[in-house]
Amino acid sequence: MSSDQISREETLHIAHLARLAITDEEAALYASQLSAVLAHARDIGALDIAGVEPTMHAVSMRNVLREDVISRSLDRDEVLASAPSSEAGMFVVPRIAGEG
Amino acid sequence: MAIVDMSAREMAAAVRSRELSALEIVDAHLAEIDAHDHEVRAFLLVLGDEARRRASQIDAAIARGEEVGPLAGVPVAVKDNMALRGVETTCASRILAGWRPPYTATVLERIEAAGAVVIGKTNLDEFAMGSSTENSGFFATRNPVDTSRVPGGSSGGSAAAVAARFAPLALGSDTGGSIRQPASLCGVVGAKPTYGLVSRYGLIAFASSLDQIGPFARNVEDAAALLSVIAAHDAKDSTSLGAGFDASEIATGVRGMRIGVVEEMLDGVSPGVSSVLDSAIASLVEAGATVERVSVPAARFGLSAYYLIAPAEASSNLARFDGVRFGLRVEGEDITETYLRTRASGFGAEVKRRIMLGTYALSAGYYDALYGKAQQVRTLIARDFAAAYERFDALISPTSPTVAFRFGERSDPLSMYMSDVCTIPSNLAGHPGISVPFGAAEEGMPAGVQVLAPALGEATMFKVAMALEAAAAKQTVPAWRSAAAS
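Residue numbers (my numbering), protein chains in the order written: chain A, 14 to 113; chain B, 7 to 492.
Next comes chain B alone, as it looks inside the complex:
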């Protein structure tokens, strides 16, 4: 088996047993990036020298007989909204071009302590606002399965990097579906943990009450292994829960489990994605679970509530980009004109749209009717999920209503927002969710099944994901491989 096709756990085991060196593993991935990233454009920055240096350190530590951690020598691609000290971090925004953070995100400290090697910073929709990575301030990333299509977003670069075999693992962030939707569109596994399970320190804030960092992998157990490394209490994040995650007991099967199919997430789903979900349901029944339809009525209002709450929080969070402390400054006559010019020139259209939407939703006269009401809807969604979890252990739905679309196909903002209709409710409730690839839908493109669980129900969620993975069709491969095979 080629090195780049191995699982992350196989790579770490091979490094620890000295069958392979960390440097060989890193070099194999750098070669793959060199050969194909001009087609995919997953990375904003490849950290070749740094990754090789780090790999050599790990190899030296192993030679000295030191303990090297569960992810020893495993390359990880990191969404470029997580700060790495001294390394350019941009959020794919021109307003931050050239910024080198003076600190490192807690998740990156944790994966490095576990022996992982950060191989590069991946592209995203600017400030994680979008569902296609077309909103990057620099360039669009392409779907490795079919490069005429988008990889999804906002963590499109991380999803594409894992699908393309540029890294076995990646980190993304999910505010309304930004890990799960691109995972579905690229045919990889992507999980959003319970809000508060993973530290947000060093994650550049979009909507603070919704943002959560999570793993991408090509298989469920690798995703669980990465989550177990990053899930921990962090005194630097005031919303950190203090819980951890143990990945050791997720492969026990779904026999006897009760699984609900969320009715509200079946509207507007394409025929291909719908038939993928039907096969997934059949496989869970086959594996011994009881599967029934369930209504989560308030989930219908998730999209509306989200597009008031997230922009409102973003309008406040993004006020810090003002040309004073970091990033771009376009000088004006006075401070106000400097703010106006800097922000007009540094932010892209979607970011401006959301800042304005949030400013409007929070403005006097609309606050109660818009923002206040959206927060009440958030309570209803949590209540309706709680009622469903009285009868069911886990819930499933499509991850995205459609497969990956072509570039430019969704130029109207509202039609783009619809991509996240199935993923948004769990962000509003703070619950975990995972997308598991389950074969192909329209035109051979991958489609994922979403598994949802109550807060801190990651173990249950991963069990269902494992059962789906066991029944799923063969993995999708990058376009250059299917071309070579045919």
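Pulled out of the complex, with its shape left as it was, chain A reads as follows:
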């Protein structure tokens, strides 16, 4: 493993990637806590296990096919009723692109 210390700046960057607004003080705390967990994970970083197949899933999966028939899905109005904002059968979101 390259490094198990995460800086405050790096923590702010990760938080932004994860779409979490955090303050500078929170970033300092999370940096030290994340570093501690990653330091613990150093034990597997040191394992020499090249060539071992990764396991993505405990169950070996393959595609299951069925006839393409129309079946009932969730009621649209009931689903939209849970949304913070909806209109004319659609979710309403704040501005995505700049005006122009």
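Some hints here could point you the wrong way.
[To be verified] Selected chain A positions facing chain B (Cβ under 7 Å, derived; list incomplete):
(1) L25
(2) R32
(3) A34
(4) A54
(5) D56
(6) P67
(7) N76
(8) V92
(9) S99
(10) E100
(11) M103
In case anyone wonders, no lab produced these hints; they're calculated from the structure. No residue lacks a Cβ here, since even glycine has one placed at the ideal position from N, Cα and C.
Following the hints, position chain B against chain A.
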């Protein structure tokens, strides 16, 4: 015997034979909740009216001579990460406060079809991330045996509800030990089935390759009875195995069975828990099993692999909580700022920590060194378990290295994560595991013994659990009862 002390199977038999009505059973439990849940705080939501209405329907069906199912009239407490149509479902997170799902989880459809009555939604660590229920976005649940201590987690509300006699059965979910560890800390039975045996449809996802729903009960046969109702193929879950579980042949004893004690799960175990395990081993030998130590070397790396894989999957699964389709929205200037504000305000600290850990583990430059390596370790753990199962029918260990701790005692995240060191390896391998209460350890607090078996080895696992239960000391009781008795 008081109604609330009966087993689930006794309650169902009494309802079917009309010795008791389903409504009497539900009312007895609602009265217990009313009298004591202010001390325990197991429930986020008690469904009193709905449960009474459902109980009356069952009584009416019985009066008409209809078939009512194996759990007729039995109250079940449900962890609040399983969707029930039209009923607030929050995952104990402020980001979902007020959300009423437009669909019902398959497990809840199955238990209702079997005649069970959902009596309430129980508290948990937010999004099932934690080992004490202190991370709930609303309030902490207390251990009914000693209310100054945590019930464990993340299914702490479900474990506490069963221990407190608020319901004879409960459903929890187990991603790294979230059924077995609170079962151990509260002195009840809790089982995590083989991955894929129980449908995850309607279970709000934490780490999809590890999550599995399972039963809580005060005795092993009740847990097996609930599992037999929920274990079935479900076309709505692409990882559903298509196997079922038959609870009818689990009481045949362990004579001649070979049982291994996992060496790697004995490190850092408290003296009291260690002596509980020793008595459990002695009782299995007494019952005719051969018990020997066995090494599962890669189990040592389970914790590290888990705290890369589970957060990585969580960071992806929890991306859906963005203030667009359901739950909280904190409006910003544009969509990105809305995401940032909504998630900052709706998620608690532990959830943010894990999302960031997972985002880091999956990011360019670290993916191979962290996430990729953790998945290779997962292969090693499965291999080492397979080698152990060539020599042994089942494996045992402590469920949790310690008894229930006090509130605030584990404020450092890593020390909290250590609670799950014995339970995590079976999630990574997809194998079943159960915690059986085996008397008291430190300060009179309950401690469980964990029984592990290979994939779809539930029958073997329950046999060993039954043998342990037969030899175990008397059940622990809620604090208000031991106070009344002394």
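Hints not upheld, ascending by number: 1, 7, 9, 10, 11
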